[in-house]
Amino acid sequence: MDEKQLPRAHKIAVVGRKSGTVTGISDVLSFDENEILLDTDMGMVTIKGKELHISRLSLELGEADLEGKVDSISYSDKGHKKKQEGSLITRLFR
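All the letters of the sequence shown, read from the start, carry residue numbers 1 to 94 under the numbering used here.
Treat the hints with care, as some may be off.
Think about it this way: if two alpha-carbon atoms lie no more than 30 Å apart in a straight line, the pair counts; the simulated DSS-like pairs of lysine-lysine are [unchecked claim]:
1. Lys69 - Lys18
2. Lys18 - Lys48
3. Lys69 - Lys48
4. Lys69 - Lys50
Hint data in this document are derived by calculation from the structure and do not stem from the laboratory.
If you're wondering where the values come from, they're calculated on a predicted model, not measured in any experiment.
Could you put the whole structure together from the sequences, leaning on the hints where they help?
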């Protein structure tokens, strides 16, 4: 079986609300120091907090390491992505 056909395992691990790792990412839709919006196989993931940073990102592996104070993590339906089509740069300048 081809490895590209397998879905990526999705996992969120947060350590002490100060750092974390997210796997199963297919795209970073937006980010700033208060909110990170990720597209995953399980839906859109919104991470809210303060002084948030993506310290490592590998879309090939579907992984990201985060730093900052995490206040909340929430999921929304995958259909939400269709409303935000276009590249990250295009969406930033709308």
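These are the hints, each one checked on the structure:
1. The straight-line distance between the Cα atoms of Lys69 and Lys18 is roughly 5 Å, inside the 30 Å bound, and the hint therefore holds.
2. For the hint pairing Lys18 with Lys48, the CA-to-CA distance comes to about 12 Å; that is within 30 Å, so the pair holds.
3. Taking the CA atoms of Lys69 and Lys48, the gap is about 9 Å. The hint holds against a cut of 30 Å.
4. A hinted pair counts as satisfied when its Cα atoms are at most 30 Å apart, and Lys69 with Lys50 qualifies at roughly 5 Å.
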